[in-house]
Amino acid sequence: MSAPNLELDALLARETRTTADLEALLSPGADARIQSPGGLEALAKASADLTLRRFGRTVTLYAPLYLSNFCVNPCVYCGFSSRQQVARATLGEDQIRAEAASLRDRGFSHVLLVTGEDRRQAPVSYLERAIHVCREFFAHVSVEVYPMDRDDYGRLVAAGAAAVTLYQETYDRGVYADVHPGGPKADYDARRAAPIAAAAAGMRGVGLGFLLGLAPWRDELRGLFVHAQEVARASWQTRLAFSFPRLRPAAGGYSPAHPVSDAELARMIFTLRLLFPDAELVLSTRESARLRDGFLGLGVTRMSAGSVTTPGGYHEKSPAGEQFAVHDTREPAELAAVIAARGLDPVWKDWSEAMTEAP
Amino acid sequence: MPHDTLTHPTPDEPLRIHDREFNSRLWIGSGKFASPGILAAALERSGAHLVTVAVRRADPSARGGDPAFLGIDPEKVFLLPNTSGARNAAEALRLARLGRALVGHAWVKLEVTPDPANLMPDPIETLAATELLVKEGFTVLPYMHADPVLAMRLQDAGAATVMPLAAPIGTNRGLRTRDLLEMILAKARVPVVVDAGLGLPSHAAEAMELGASAVLVNTAIATAASPPDMAEAFRMAVRAGRLAHLSGPGRVLARAEASSPLTGFLWDN
Numbered sequence: 006m007s008a009p010n011l012e013l014d015a016l017l018a019r020e021t022r023t024t025a026d027l028e029a030l031l032s033p034g035a036d037a038r039i040q041s042p043g044g045l046e047a048l049a050k051a052s053a054d055l056t057l058r059r060f061g062r063t064v065t066l067y068a069p070l071y072l073s074n075f076c077v078n079p080c081v082y083c084g085f086s087s088r089q090q091v092a093r094a095t096l097g098e099d100q101i102r103a104e105a106a107s108l109r110d111r112g113f114s115h116v117l118l119v120t121g122e123d124r125r126q127a128p129v130s131y132l133e134r135a136i137h138v139c140r141e142f143f144a145h146v147s148v149e150v151y152p153m154d155r156d157d158y159g160r161l162v163a164a165g166a167a168a169v170t171l172y173q174e175t176y177d178r179g180v181y182a183d184v185h186p187g188g189p190k191a192d193y194d195a196r197r198a199a200p201i202a203a204a205a206a207g208m209r210g211v212g213l214g215f216l217l218g219l220a221p222w223r224d225e226l227r228g229l230f231v232h233a234q235e236v237a238r239a240s241w242q243t244r245l246a247f248s249f250p251r252l253r254p255a256a257g258g259y260s261p262a263h264p265v266s267d268a269e270l271a272r273m274i275f276t277l278r279l280l281f282p283d284a285e286l287v288l289s290t291r292e293s294a295r296l297r298d299g300f301l302g303l304g305v306t307r308m309s310a311g312s313v314t315t316p317g318g319y320h321e322k323s324p325a326g327e328q329f330a331v332h333d334t335r336e337p338a339e340l341a342a343v344i345a346a347r348g349l350d351p352v353w354k355d356w357s358e359a360m361t362e363a364p
Numbered sequence: 031m032p033h034d035t036l037t038h039p040t041p042d043e044p045l046r047i048h049d050r051e052f053n054s055r056l057w058i059g060s061g062k063f064a065s066p067g068i069l070a071a072a073l074e075r076s077g078a079h080l081v082t083v084a085v086r087r088a089d090p091s092a093r094g095g096d097p098a099f100l101g102i103d104p105e106k107v108f109l110l111p112n113t114s115g116a117r118n119a120a121e122a123l124r125l126a127r128l129g130r131a132l133v134g135h136a137w138v139k140l141e142v143t144p145d146p147a148n149l150m151p152d153p154i155e156t157l158a159a160t161e162l163l164v165k166e167g168f169t170v171l172p173y174m175h176a177d178p179v180l181a182m183r184l185q186d187a188g189a190a191t192v193m194p195l196a197a198p199i200g201t202n203r204g205l206r207t208r209d210l211l212e213m214i215l216a217k218a219r220v221p222v223v224v225d226a227g228l229g230l231p232s233h234a235a236e237a238m239e240l241g242a243s244a245v246l247v248n249t250a251i252a253t254a255a256s257p258p259d260m261a262e263a264f265r266m267a268v269r270a271g272r273l274a275h276l277s278g279p280g281r282v283l284a285r286a287e288a289s290s291p292l293t294g295f296l297w298d299n
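Order-wise, the sequence lines are chains Y and C.
Under our numbering, read the first sequence as residues 6 to 364, first letter to last.
Under our numbering, read the second sequence as residues 31 to 299, first letter to last.
What the hints contain is simulated information worked out from the structure, not anything from laboratory work.
We treat Cβ as the ideally placed atom computed from N, Cα and C, and that holds for glycine.
Don't take each hint at face value.
Claimed, not checked - In silico SDA-like cross-links for lysine to any residue, where the CA-CA straight-line distance does not exceed 20 Å:
1. Y:K50 x C:K165
2. Y:K50 x C:S256
3. Y:K50 x Y:R38
4. C:K106 x C:M150
5. Y:K50 x Y:E12
6. C:K165 x C:A120
7. Y:K50 x Y:D26
8. Y:K50 x C:P153
9. C:K106 x C:D42
10. Y:K50 x C:T201
11. C:K165 x C:H48
12. C:K165 x C:P178
13. C:K106 x C:L45
14. Y:K50 x C:N202
15. Y:K50 x C:A255
16. C:K106 x C:P258
Unchecked claim - Heads up, incomplete: computed chain Y residues facing chain C, CB under 10 Å, no partners named:
17. R62
18. F281
19. G326
20. A330
21. H332
22. A359
Claimed, not checked - Here are the simulated distance ranges between beta carbons:
23. C:S65 x Y:A182: 47 to 53 Å
24. Y:D54 x C:E51: 34 to 40 Å
25. Y:S41 x C:S232: 36 to 42 Å
26. Y:A163 x C:A136: 26 to 32 Å
27. Y:E12 x C:R206: 25 to 31 Å
28. C:G67 x Y:A182: 50 to 56 Å
29. Y:S293 x C:I154: 32 to 38 Å
Full structure from sequences and hints, please.
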């Protein structure tokens, strides 16, 4: 199947796009055209134009706050894997407060709370408490933790969580089984059902993604598209977000079987923008400064900065193991200055506590 | 015996809403700009005296941040807080109260948009929020669909203006709701401010020609290659449209009409 130039031009000119358009954009037959510099340029322009109209000249900044790196899952690619001999820690309330104050001092109003999967170390009640503490410091508190059922997500919504991020890691069941050889995470369907449950529970934002490199990216993008549609159907009031976590060196030295090139990453970002004009697109410090700066204005709307991927690493040096190696190590203020120099407004606060207050 | 006199408004006559007068009929939304400096330059060239600001963006406790709104001087431009991001009346109420505390007056542009994809205003929650906010003493300017009945309901509930959309927000598509806007303009007692979807100065001129009291523009100016130039273009278009409305536009005809009379022969002698 091929997508001739004229078809691509028409696709890019349309205001809305369909599943057939996704197939045209993913088609290997279109590779020669799309992955030529001119083809990617056309995609970038359409993506940039949509992003500009929907989001304006803005990029919102957030920081991850790692609460706990205890994990019962033996995932082969992850620095927190239960098979890794790394120092483990779970932050107490005073430590969370110290980390939050440190991030707030750097300017952040949006924070993403992260844990591994260990429900004894970080039960839902612990997360409720952490959200409560963080709401003293931040307008927007989101979580990236283990999958839950609708009732537990409802508890997080009531505690004031604005969004949940949960990557399926891969939509290829075979690969999924290979890289998740045990623990509760081995249950593909339970994980896939969780974001839908979060939306149904009233979570205002739901973030999806897969680990770039585990399986062929075209199939992954199809899987993500179908998953996102199910989340959107579960709640018409939920805003979708997509992240693009490319596998980075981590403890254990896993090397991805299907590495994704920079040009393929760009094609994925532009394709998702074209299919989901209003979705948040997130690019974390896993990527290089060169690449993150390059994507400014082209589709990405949220960026982390100055990230530390160990529990307790912001206000003092932490001995705990990190989840992955950060690539872009610039301080938040430095990134904000780069964003401004590119003609975009670095937005520190795009949320009000009044929008997530318990009724 | 004195007759009621017909007054002829002039294009420069200020727009009165409650106890305030606005000398410009172009209102600006402050979102989506690349920097506060560019917003300030666009405001200056637009001649606007009212700018809407999102309460959710304000950060009074930011370290070294902007405690008020984007460095706009409230002595020069009236800051109208909006409740964007609210999904329901309860959230809109909380945002309105935060906005009142920030700007020190009780005017609010009410936005209730539970659908994050198209930001369509929720008519039911908007009406409920208007009733509650009016009861609390707010001057309420609700963003709404171009629904003539809803406009009357909001007016009856005490809204100070109605702000129907021309097209989905951020789409730059112009007066897609023109027929409905005409019905609203024909009936409304309160000023009608056309909001959302105006992508070009000609769209703004068209709204003013129809009789809108003012227009609100954000995306078209903020995302232009040169926001200050586009702001000035909108200023001129709004004034042109207003002047055209007041000067009594001719009928719009489907086909050419001879300017020499067809029945002239009757009077030839």
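Each hint, compared with the structure:
no.: 1; hint: Y:K50 x C:K165; in the structure: violated (48 Å)
no.: 2; hint: Y:K50 x C:S256; in the structure: holds (18 Å)
no.: 3; hint: Y:K50 x Y:R38; in the structure: holds (15 Å)
no.: 4; hint: C:K106 x C:M150; in the structure: violated (31 Å)
no.: 5; hint: Y:K50 x Y:E12; in the structure: holds (16 Å)
no.: 6; hint: C:K165 x C:A120; in the structure: holds (14 Å)
no.: 7; hint: Y:K50 x Y:D26; in the structure: holds (17 Å)
no.: 8; hint: Y:K50 x C:P153; in the structure: violated (35 Å)
no.: 9; hint: C:K106 x C:D42; in the structure: holds (18 Å)
no.: 10; hint: Y:K50 x C:T201; in the structure: holds (17 Å)
no.: 11; hint: C:K165 x C:H48; in the structure: holds (16 Å)
no.: 12; hint: C:K165 x C:P178; in the structure: violated (23 Å)
no.: 13; hint: C:K106 x C:L45; in the structure: holds (16 Å)
no.: 14; hint: Y:K50 x C:N202; in the structure: holds (17 Å)
no.: 15; hint: Y:K50 x C:A255; in the structure: holds (14 Å)
no.: 16; hint: C:K106 x C:P258; in the structure: holds (17 Å)
no.: 17; hint: R62; in the structure: holds (4 Å)
no.: 18; hint: F281; in the structure: holds (9 Å)
no.: 19; hint: G326; in the structure: violated (31 Å)
no.: 20; hint: A330; in the structure: violated (29 Å)
no.: 21; hint: H332; in the structure: violated (27 Å)
no.: 22; hint: A359; in the structure: holds (4 Å)
no.: 23; hint: C:S65 x Y:A182: 47 to 53 Å; in the structure: holds (50 Å)
no.: 24; hint: Y:D54 x C:E51: 34 to 40 Å; in the structure: holds (39 Å)
no.: 25; hint: Y:S41 x C:S232: 36 to 42 Å; in the structure: holds (38 Å)
no.: 26; hint: Y:A163 x C:A136: 26 to 32 Å; in the structure: holds (30 Å)
no.: 27; hint: Y:E12 x C:R206: 25 to 31 Å; in the structure: holds (28 Å)
no.: 28; hint: C:G67 x Y:A182: 50 to 56 Å; in the structure: holds (54 Å)
no.: 29; hint: Y:S293 x C:I154: 32 to 38 Å; in the structure: violated (48 Å)
When held up to the earlier numbered hints, the structure conflicts with 1, 4, 8, 12, 19, 20, 21, 29 and fits the remainder.
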